[in-house]
Amino acid sequence: MNCKQFVSKIVEALYAELTPEIKQEFDAHIATCSNCRTRYKQMQETLNFMSRRKRKEPDKTTWDDSWTVIQRKIESEPPQNEPIPAEKRFKWHPARVPAWAYGIAAMFLVVAGIFIGRTFWSAKTTVQVGGNRSTFSELSAEDSVTTQALVYLGKSKNLLLGVMNVNDESYSVITLIKQQQISRRLLQQAGYFKNALDKPDQQQLKRLIHDLEIILMQLANIEIKPGVAAVEMVKRGVDQKSILFKINVEEIRSAVRESAPDKSENNKL
Amino acid sequence: MKDEWELISRAQRGDMDAFRQLVERARVNIFRLAYDLTGNRHDAEDLSQEVFLKAYRSLPHFRGDAKWNSWLYRITVNTCYDHHKSGATKIMKRYEEIESVESNHVGQGSAILPDKSADAAMIQENIEKALCQLTLRERSVFVLRHYHDLPLKQIAETLEISDGTVKTLLFRAIQKLRQDLAFYKNDLGLEGR
Chain A
121 MNCKQFVSKI VEALYAELTP EIKQEFDAHI ATCSNCRTRY KQMQETLNFM SRRKRKEPDK
181 TTWDDSWTVI QRKIESEPPQ NEPIPAEKRF KWHPARVPAW AYGIAAMFLV VAGIFIGRTF
241 WSAKTTVQVG GNRSTFSELS AEDSVTTQAL VYLGKSKNLL LGVMNVNDES YSVITLIKQQ
301 QISRRLLQQA GYFKNALDKP DQQQLKRLIH DLEIILMQLA NIEIKPGVAA VEMVKRGVDQ
361 KSILFKINVE EIRSAVRESA PDKSENNKL
Chain B
2 MKDEWELISR AQRGDMDAFR QLVERARVNI FRLAYDLTGN RHDAEDLSQE VFLKAYRSLP
62 HFRGDAKWNS WLYRITVNTC YDHHKSGATK IMKRYEEIES VESNHVGQGS AILPDKSADA
122 AMIQENIEKA LCQLTLRERS VFVLRHYHDL PLKQIAETLE ISDGTVKTLL FRAIQKLRQD
182 LAFYKNDLGL EGR
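Protein chains in written order, with our numbering: chain A, 121 to 389; chain B, 2 to 194.
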């Protein structure tokens with residue numbers, strides 16, 4: 121046994137709770153280590169000294185009174201299986217709740233309020249496209265046509281990336297059918313944007329949507345024969361018209377426009 | 002032990018006489034533990050009452066997983082912790098009591114008391130003060146081991162803490178007591194350090 125192990129066993133040794141084997145090791149250690157021996161002796165002396173304390177006894181008369189009180193209280197309580205009267209039920213004691221708990225509860229309520237507000241009360245913009253109504257649930261009522269057009273471009277980009285990044289092995293009829301369905305939905309919305317984007321600074325966006333419409337039309341009208349050259353034709357069209365590049369440019373422009381007012385605010389400050 | 006079980010099961014069926022016998026057997030230890038933890042006779046009496054009331058209410062849930070005494074000790078310690086948390090325990094009360102004992106003792110005329118008795122009162126006072134310096138957790142572990150003779154493992158079960166924590170708290174308590182009572186060098190083996 122070393123000094124560290126001695127310390128971990130000292131309390132058990134003081135109260136004679138060591139197993140005979142460990143007691144033997146313990147005794148062997150204090151026989152050779154004078155520091156540990158002194159420490160052990162001091163602690164033992166402290167305990168002997170604490171044993172000089174006189175213990176208090178309950179007062180006999182007080183006890184008789186106490187029992188009467190206990191008995192009276194027990195008898196006044198309803199049996200365990202009977203319902204507890206309303207006035208004796210658990211009462212809320214706000215003073216017993218620690219102050220920090222109120223803070224956490226308040227924060228939780230605020231977060232819950234924001235979540236509920238955003239989930240259930242946020243306005244949804246309905247965009248009229250031809251004879252159909254399509255909902256851009258991710259857009260709020262304040263969003264401009266440009267923002268809606270950007271969302272539209274984002275969706276188209278995802279579709280075209282799906283078309284561009286497939287090879288013959290992974291391409292299946294089901295994938296093609298799904299892409300054609302999406303493509304048709306996007307085509308319906310393209311008409312709306314061509315009419316809505318009427319401001320001079322929206323003309324570039326309008327031309328892009330026009331080019332995109334042609335590509336989407338090609339995709340929507342491909343005959344369902346996987347691996348046929350028609351898919352390659354769509355891919356070539358996307359490349360030739362640099363559709364993906366142009367969408368990226370529009371996204372960057374939009375990001376720059378959004379950050380511009382913040383910068384000016386910062387400059388003012 | 003068998004007798005105790007019989008009393009417990011009778012008390013669980015609502016036999017007040019059996020419950021009184023159980024309370025009678027435990028009352029001195031419960032009062033002493035409450036006193037050790039609060040340092041005040043009045044509080045100890047009130048808390049003992051509360052402990053037995055709680056024990057009666059919880060009696061239907063007592064399954065005998067723990068010993069009857071350990072179970073009562075657990076209720077006592079928890080009741081004292083709650084009492085302490087509510088701010089009802091004032092350490093000053095303990096000093097007031099010590100001082101009143103001391104003043105009574107002096108009032109009887111120190112001249113007629115033998116010196117040994119005066120020393121004993123002083124030692125008692127200093128021991129009580131040293132116990133007050135311990136945290137409630139340290140004090141609980143110390144008094145349960147030293148004055149109530151509960152083995153370390155049973156203390157861990159009673160206080161629902163690990164064996165290691167019990168040892169650490171007890172070690173710390175003894176060290177603190179040694180420091181606080183360091184002026185009794187002869188008694189504590191500190192001479193020559």
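Treat the hints with caution; some may be incorrect.
[Stated by the list, open to error] Heads up, simulated BS3-like pairs for lysine-lysine below, C-alpha to C-alpha not over 27 Å straight-line:
1. A:K129 to B:K168
2. B:K68 to A:K355
3. B:K154 to A:K161
4. B:K177 to A:K143
5. A:K174 to B:K130
6. A:K129 to B:K55
7. A:K143 to B:K130
8. B:K55 to A:K193
9. B:K130 to A:K124
10. A:K176 to B:K55
11. A:K193 to B:K68
12. A:K298 to B:K177
13. A:K176 to B:K86
14. A:K176 to B:K130
15. A:K193 to B:K168
16. A:K161 to B:K55
17. A:K143 to B:K168
18. B:K68 to B:K154
19. A:K176 to B:K154
It is worth saying that the hints were derived from the structure and are not from the lab.
Quick one: which hint numbers does this structure break? Sort them smallest to largest.
When the structure is compared with the hints, numbers 2, 6, 7, 9, 12, 15 and 16 turn out to be violated.
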